[in-house]
Amino acid sequence: MSLDLKTVRRVASLARLHLEEGEDQRLQAELNGILGWIEQLQAVDTTGVEPLSGAGGTAMPMHDDVVNDGGKAEAVLANAPDRVGEFFAVPKVVE
Amino acid sequence: MNPTDFTIRGALEALNEGLVTSEALTQAHLEAIAALNPRLNAFITVTAERALEAARASDKRRSDGIVGKLEGIPLAIKDLFCTEGVRTTAASRILGNFTPPYESTVTANLLRDGAVFLGKVNLDEFAMGSSNATSAYGPVENPWKRGNDDGTTLVPGGSSGGSAAAVAARLALGATATDTGGSIRQPAAFCGIAGIKPTYGRCSRWGVVAFASSLDTPGPVARTVEDCAILLESMSGHDPKDSTSANLPVPDFAAACARGVKGLRIGVPREYRLEGMPEEIEALWQQGLAWLRAEGAEIVDISLPHTKYALPTYYIVAPAEASSNLARYDGVRYGARVGGEDLKDLYERTRAAGFGDEVKRRIMIGTYVLSAGYYDAYYLKAQKVRALIKRDFDEAFGKVDAIVTPATPSAAFAAGEKQDDPVAMYLNDVFTVTANLAGIPGMTVPAGYDRQSLPLGLQVLARDFDEETVFAVSATIERAANLTKLPQVRAFA
Amino acid sequence: MSYTIEGETGPWELVIGLEVHAQVTSNAKLFSGAATEFGAEPNSQVSFVDAGFPGMLPVINRECVAQAVRTGLGLNAQVNPWSRFDRKNYFYADLPQGYQISQFAHPIVGEGKITVELSDGSTKEIGITRLHLEQDAGKSIHDQHPTKTFIDLNRSGVALMEIVSEPDMRSPEEAGAYLTKLRQILRYLGTCDGNMEQGSMRADVNVSVRKVGEGFRTRCEVKNVNSIRFVMQAVEAEARRQIEVWESGGTVDQETRLFDTSRGVTRSMRSKEDAHDYRYFPDPDLPPLVIDPAWIEELKAGLPELPDARCTRYVNEFGLSAYDAGVLVAEKETAAFYEEVAAGRDPKMAANWVMGDFFAILNKMGRGIEDSPISAKHLGALLDLIADKTLSGKMAKEVLEAMAETGKPPGTIVEERGLRQVTDTGAIEAAVDAILAANPDKIAQYKAKPTLFGWFVGQVMKALKGQGNPALVNEVLKAKLDGA
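Chains as they are written, first to last, in our numbering: chain D, 1 to 95; chain X, 1001 to 1493; chain W, 2001 to 2484.
Hints may contain errors.
[Stated by the list, open to error] SDA-like mimics (lysine to any residue), calculated; alpha carbons at most 25 angstroms apart, straight line:
#: 1; chain 1: X; residue 1: K1344; chain 2: D; residue 2: R9
#: 2; chain 1: W; residue 1: K2139; chain 2: D; residue 2: R9
#: 3; chain 1: D; residue 1: K6; chain 2: W; residue 2: K2223
#: 4; chain 1: W; residue 1: K2223; chain 2: D; residue 2: V93
[Stated by the list, open to error] Simulated coverage check for chain X against chain D, where a stretch passes if three residues somewhere in it have a Cβ under 8 angstroms from a Cβ of chain D:
#: 5; region: 1033-1047
#: 6; region: 1202-1212
#: 7; region: 1224-1237
#: 8; region: 1324-1333
No lab work stands behind these hints: they were computed from the structure. Where is the CB? At the ideal position from N, CA and C, for every residue including glycine.
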């Protein structure tokens, strides 16, 4: 499976990465190099193997339904590149 | 003796006996940093004032009879750990001047035990790299030099290159680090120090900037195996804020260092004998096994048949998780923002400007392997191979107590080498990445030198949550190797 | 006769499925300890987890899991002892992590079904495909600034249950009935307050049309419809639009649309430059959700009686009509009120009073059962006064009015107004005798015209100041008149 330029651009758009002129071609070459190398996995027989998604525990812990966080709008907003009052602000979105 | 030459164990004893104060220790390290950091670039942020204040507070506590397990010990913190009120960069432009309003669990544990933080150390951007060359804050120089060649700058390894270089050059007594595919063990080997990636779940990930959540493992680097044990004991423990944190008691790791290896069965996986591997690495490996045999261990040949698939598996799993973990860097709530004509454009320009090339490459790979139509062929396949790699270890640990391998396929390489070929760079992690995929603990212990007098390390692996055996085996190798060489670039040299 | 829409080419059948997002009733969010209350100051109920800060990790709220299990049980569905959370990846300003934690491949609840009642008295079973837990996003506010959108993350991370139905509905009415019934069940369970105005419940409506007997055609999803009435309108509007497209020779494209409530039409959503590719994968921050079967049993044992069971009980045990039982169980609060009134009393009489005069008073006052001026206890006491013949029915109605006005218990009103029914047979006989003695001419007329009986009743009651027990008055009067 090798990537064409159109796919490189689509993936960049999905990942929200702006590509400069020519960057798509460079990425295409690099990604195809990596993907070609990854391709060797197809040789492994994984018939009947259950996928392992993580190395963590076997069951998730749960916490009690207690409100013990929040109430710190200022700390939440302190690092914001743009804010208006108690809101984060972004360029207007038209739905 | 210069205070920067202490081991952590030695410094704790000296502090206890009143031979030195934390303030003096800290001051000496800050001076060393001031002298060498312009060259080594190990620190991104030095918090001299805070450090001295903390050291004085520690001395005060000590005089009041309150003595934590790491009371007064100056440490460096990988700039991937969020530190309250201190800028945290992940070595990326995209975080801008992000100042966390919270302290990571691991660093909070160290502070609880009395440690003093000197500052935040450099790394590959978002911990993605094996040479520290991808940092937005510039590369780190390895304090070691080839014996006959002072002019060539070597890489410290990555991603915890700043941690390893700082500790090797005696700019800190120890450092926190993280290991996703080898990011503790490979730089430790390159810089001639010890470093342990504990079992996944042993150290909390809460407050550590995420790269690949199912693989990321915080751990320490230090100049001795015992120092790593002391640090790890403080850093470890169940954290209810991390759903993957293990709810298990923390053993006395330092005590395990003295256990010895008598009666242990040590596995030697035949698949780690790579074609074209430098002879001296093979020789070091054999030497290490001979030392262990001499101390009463039994050496057993084992097979980990899926080893060769570990790196390609990793390069699907890690980028996939990273592509999602790094989606939050969008210039809305924190970090750098580059304006755009609309929200999408803002995202794309912010992220294009904020991320470096390697991070972008991995985000692209990760996005692609998760995308519609490719998930099964890549991501799901990788998860299945991961299960097989774990199964290999489960079977091996039915026969042996620990596994010993080389830590890296080579000694530190020169800056600029392997930069053009991502895959060649990825191969650095060939011996270390399996432990991340399986979740098991692994440690680098310095064991010898290559023919250019550059340090080489061996790797010790053991079962889930059996770090004690890792320490026992590593400490035995360390004692037998009895290394004495010091890096050319070091404090007060 | 099934529902169809008549097009130029003949009748069209509708196929409707609903995805309902119901906010889980809980104090804290799904994966953080921030509060879930509605209407708080912007960004005041936000933890660093909810704001997607670096290094923050989710830990699940046990109560949210319990609520999903309860809901699954209430929907007669399979609760899966092993489920998992996945990440749904997409960028949006009010989605701080850049992904929503949801359950894609392994939901907590599997197939179930509910029975809905239709206006013609028939019932229909609607299949539930699945229920899963997920995080809500924050809120984008577009109308506060000329060039900026404001982001409030208070909702970010609030627990939602997405309840997906089978495409089993065939008319706007069925869609409305399904949503009504679902909301009723959730409210009974206490797992969602069902408050659609505040956004606690929203529906994505999948609509397609087909000629009778055909397989499925392409469907469109109308997003985020926030009232039952609008769901019904949206179904019809979207169906009519699709019929027009098909009949004019076009094809319906699978897409996401919005319902414009002011114009009553659906329109295509604009913001989708790239086709959605959510790149679901298991969330590596969260181990699988494993639910102990013993816990499921415990939750099952603690479930309240649900409307269907309650309705059946009212019919079988109380002898109510299915219609009356249905009205009384429609709201959990009404049913609870009714049961308190009926406890230890004649359940049919209680039903008549609750649904009759009591509802009429509430209606007149524009109040609901939760702010009723008359408590169930007081209404019960009123029924007791009827049963022990202290009050006649007519008098009781007067007392009820007075109760609504004053909030006083009926006994007090009876005392204050001296409203005590005369049940003393002697007093009634004396009054009857006096009336008969005074009106011999009327007695003669009565023989020929028995309808004059009512006139005699009126006279006796007047003599008794309206407080004579009507049954006794009738009885005595009848005996004396017929015997005279």
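Problem - Structure-inconsistent hints, enumerated in ascending order - result: 2, 3, 5, 6, 7
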